[in-house]
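Please work from the sequences and hints to get the whole structure.
Chains as they are written, first to last, in my numbering: chain A, 1 to 310; chain B, 311 to 697.
Check before you lean on any hint, since a few could be wrong.
[Said to hold, decoys possible] Taking lysine to any residue and the SDA-like style, the derived pairs with C-alpha atoms no more than 25 Å apart in a straight line are:
1) A:Lys290 / B:Ala582
2) B:Lys336 / A:Gly304
3) B:Lys610 / A:Lys184
4) A:Lys290 / B:Ala586
5) A:Lys184 / B:Val679
6) B:Lys610 / A:Arg4
7) A:Lys290 / B:Lys616
8) B:Lys419 / B:Arg375
9) B:Lys616 / A:Phe5
10) B:Lys616 / A:Ser6
11) B:Lys610 / A:Asn177
12) B:Lys616 / A:Arg4
13) B:Lys616 / A:Val47
14) B:Lys492 / A:Ser6
15) B:Lys610 / A:Ala310
16) A:Lys290 / B:His578
17) A:Lys290 / B:Asn502
18) B:Lys610 / A:Phe309
Treat the hints as calculated values from the structure; they're not laboratory data.
Residue strings, one per chain:
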Amino acid sequence: MNFRFSDDQLTLAESVRDYLAGTHGPEVLRRLDAEGNRDPAIWQGLVDMGLTGLCVPEEQGGLGMGLLEAALIAAECGRACLAEPLVDTAFVAVPWLVSKGETAELAAIAAGTRKVALPHVLNPWVADGEGKPLQSVDPLRNLVRFPATGSTDDHLLNLGALMSAAQLLGLADAMLNQAVEYAKIRTQFGQPVGAFQGLKHQLSSCAVAVEFAKPVVWRAAQALQDGASSAPLHVSHAKLAATDAAIQTAEVAIQVHGAMGYTYEVDLHFWMKRAWALAGAWGDRSYHYKRVDAAVLGGSQPIGPEHTFA
Amino acid sequence: MDLAYTPEQQAFRAEVRAWMEAHVPKEPLVTLECKEGFDHHVAWERTLASGNWGMVTWPEQFGGRGLDLIQWLIFEEEYFRAGGPNRANQNGIFLLGPTIMEFGTEEQKARFLPPMARGEVIWAQAWSEPGAGSDMAAIQSKAVRDGDHYVITGQKTWSSRAAFADWGFGIFRTDPESKRHKGLTFILFDLNSPGITRRPIRQLHGDTGFAELFFDEVRVPVENCLAGEGEGWNVAMATAGFERGLMLRSPGRFQATAKRLVELYRAHEAEASPAAREAVVQAWGAAQAYAYNTYAVASKIMAGGKIGAEASLNKIFWSELDRAMHRTAMQLLGAHAELKRFGNGQINQWLEGYIFSLSGPIYAGSNEVQRNIIAERLLGLPRVGAG
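Structure, rendered in structure tokens:
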């Protein structure tokens, strides 16, 4: 029993965080928004870091890592508000293809020459797929209308929901950080607005929500990685906790920014809109709530103090 | 990350479960907040000690078992699974004990810890004063050095367990010229010392769970001072960290409440609102989240990490979760919620629990203070009033 990431896992996540912080700041999001929102150079950078092959087995030219590492990095993608379809391709499609024994495309995915957006019936549209375009409130999210056939596979849904939850953690962290930094520099009534308890307490409540959503997501990643029979419950719990934390943080963050928060000029809106989008993707709040409800009240999940990890 | 228990951990769980099933009282004890209930709870502390379960993480020489934090969590899970009573000596074992372990001399450890683990000396805390609640640095009670004694004069209030406990601990102003956080000293004292008057205070539920303490030139030997004169604030902050942090409220307590809430919901499903249903499901989720987080913190500490201001996140989370769960139960109980005993004579534990849960966001540093700590120390926002 050890509920802790290894030093290697933390170092990996940190290196991705540093890379994205250095190459994918808000100015990049603004450039993409203005000039067409995919940039081959960004994708190539992710490929060069090995991230497209993170979950591809070593025989197919990947790093052969698991869902825990993928979820950690998905959180970093959320933190950077990354729009390239890395998470859908490398952390959702690849693990799903591997689980089905479909290895044909894996080498191309790892090499970065193939991007995959798997349709699932729960998603009425997909990002970065082929089809009739739709406009998302998220200016960096390229939606297309749902293809004629979508999968009904639960494992695919669980992978998508888990990785959405992980991204929502990173988005929430980033929004909290932006709000805090703004509250330190914006002065009113002769002091930084962040010195007022009215803001402090709202921001602290966000910190509590985000902090307690994190271990739920990591626990779900481990359960799905282990193939635990309770994994769907834990994934739904994770999606709920991460969604609620991210939406709460988004609302507080815009409030802390005041009128600036209601403009397109402040960076916050990119993160907030991604959070809105992911909150409804791969099973919305009601869907995941009902799965938790059914397991907890329906009796399939043993509950009580001795069942923390049952 | 490895979320499976080792065979040794599973065997330990089985050992705790067997002992608890054989020893935990079948009927819930009368509340700890009245004399009769207090005596029952002290008797239970001694039963626990007879099985050497008083404080499992302490070193064996001090009455513990030298177990690690994962074993502690397993113990707590089984304790609450069995419906184990609240710990009469929680101020001692969860707050003062770890403080003595960190700051005490070897002599103090040998003197105070074993009787604490055995439930022979029950401890009360004496932090607050009438003018120093959330603002603890405003305390005025004085301890004046006189040879090898301190002479204490002043007043403490809202002292948990002080109506019935044996000993108390708190901080006192030893430097009369000092202000705020300086010049304070952490002192342990026998509540039966000449010059101490206890005035039990009726709490919200009508029982006398805490007390006001009046000190009229109470003589306390200097060897009862912890960590040296003038160090009181730092020591008290460490104690408060233990209180808010890992030990005081282990997850098993809230997981057990969530489970009882699910059972209560099932009994009231026909008339319950969808909102109440969702609150029940959320309670399970939040109690689990708290448990995962505690395992994560325990794993971090076992790997050499520390818990600092993060303890404030914990304190807010468990205290507001506890209140929410009991509020939901009161809603589910409907007209029955106000009854102190149900028609079948059973104590309405949800009502008692709801009343107690209202103290959670207040004690151990109000949640407003905790939110300031998070904002200033974790998020880095400017201090209140800073320009």
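Output the numbers, in ascending order, of every earlier hint that fails for this structure. 3, 7, 13, 14, 17
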